[in-house]
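*Asks:* Sequence:
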Amino acid sequence: MLRLRAQMLQQIREFFADRQVLEVETPLLGQAIGTDPQLQFFSTQYGLPSHEQRLFLQTSPEFAMKRLLAAGSGSIYQICKAFRNGEAGRFHNPEFTLLEWYRLDFDLQQLMDEVEDLLQLLLQTMPLTACQRISYQAVFYQHTGLDALVFSLDAYQAFAIAKGLPEAVDICGDNHAIWLDFLFSHCVQPMFTGNTLTMVFAYPACQSSLARTNVDNPLVTERVELFINGVELGNGYHELTDAVEQKRRFDAELTQRQQWQLPVAEKDQRLLAALQSGLPNCSGIAIGIDRLLMLLSASPAIDEVLSFPVHRA
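Residues are numbered in our numbering as their position in the sequence shown, beginning at 1, plus a constant of 1078.
Simulated from the structure, these hints should not be mistaken for laboratory data.
In this text, all values refer to a predicted model and were calculated from it rather than measured experimentally.
Where hints are given, some of them may not hold.
With a cut-off of at most 25 Å between alpha-carbon atoms, the simulated SDA-like pairs for lysine to any residue come out as follows [what the hints assert, rightly or not]:
1) Lys-1159 / Ala-1149
2) Lys-1345 / Leu-1133
3) Lys-1345 / Gly-1312
4) Lys-1345 / Ser-1355
5) Lys-1159 / Leu-1100
With beta-carbon atoms standing in for the labels, derived distance ranges [claimed, not checked]:
6) Gln-1089 / Glu-1245: 37 to 47 Å
7) Ser-1375 / Gly-1251: 33 to 43 Å
8) Asp-1191 / Gln-1123: 38 to 48 Å
Cβ coordinates follow ideal geometry from the N, Cα and C atoms, glycine included.
Construct all of the structure, not just a fragment, from the sequences and the given hints.
*Replies:* Spelled out as C-alpha cells, the structure:
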C-alpha cells in the first residue's frame, strides 16, 4: 500500500509538471477557518508569550491557495493533509490527504475535462467503464421525482416517508439544503454504481458557499462533485471572485453555526482581502487521495490504505 500511494503521488506530480502547474505548500495551521456548518474543525492554542492566540487545523488548503492566486502565482496544485473533526468511519479519517488544484481561465467544463484525464491516468489498473456528466437537477429528479431547485416541503416529506425514511422529517426540518443532502446521500448517490466516473454539476445555489452563481440561472452555481462506485471523490467550483458576495455567504454560515450551537469559526479576513484585491478567473477542485487508493486497491475501508489511521496514530 505504501508503494501504491507513492506511485500515485509520483503520477500526480508528473501530470501537473507536464501541464506546467506549479506545486505549492500552504500552512496546516491558520488563524482563520472555513465557516461551513457541515464541517467541524480542530483548534489549538498557540502559546508564545504575549502572542497567545487560537489557531485552526485547516479543513482544506483552499483559502490560502486562493491568496496565492490573487498574489499572481498562476495555476497551482498541492498535495497536503487536511483535518476534519468528528469524522470517522468507512470513508472518513479525521486526518486525510487531499489533492487540490486551481487552473486560471478554466471554466467548469474545462476543469471536468482535466479531472477525467487525471483519473484515467491514476486508475489504469481498474479502468473506468464510462464517464458521464449530469446536472444535479436532472439526476435528482431521475431518482426521486422531486425538483431540487424549487423546494416543496410537503413533497419532500411525502417522498421520504414513502421511501421508509421518516427520520428525515425531524432531521431536515424546513431547511432545503439539508433535505437535499439527506435525499441525495440516501437515494441518489448509491445509484452511481460500477466503474463509471459520474460528474454531477450545476448544484443548487443553497449548497455552494464558494462557487459562482450561473449567469443564466441564479438557482444554480458552477459546482461539480465526482463519484465512482457510489463514493464521493471530489468537489470543485468555478470560483467565486466577488468579495462582497463571499462575505455575505460567510456571514450567513456563521449565523447558521450560531443557530445550531456549533463552535465559533473565525471568518478569513485575509481571503476576503485577497478577493477584494482581485482573484483571477479560475476553477479549482479537491480530490481525496485516500479514497482514490481505496478504489484502486479494492479496499473496503479507509483504514486499510492509511499507514496509521486515527485509532493507531
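*Asks:* Now tell me if each hint is right for this structure.
*Replies:* We went through each hint and held it up to the structure:
| no. | hint | verdict |
| --- | --- | --- |
| 1 | Lys-1159 / Ala-1149 | holds (23 Å) |
| 2 | Lys-1345 / Leu-1133 | holds (12 Å) |
| 3 | Lys-1345 / Gly-1312 | holds (24 Å) |
| 4 | Lys-1345 / Ser-1355 | holds (17 Å) |
| 5 | Lys-1159 / Leu-1100 | holds (18 Å) |
| 6 | Gln-1089 / Glu-1245: 37 to 47 Å | holds (42 Å) |
| 7 | Ser-1375 / Gly-1251: 33 to 43 Å | holds (40 Å) |
| 8 | Asp-1191 / Gln-1123: 38 to 48 Å | holds (45 Å) |
Comparing the model with each numbered hint stated earlier shows that all of them hold.
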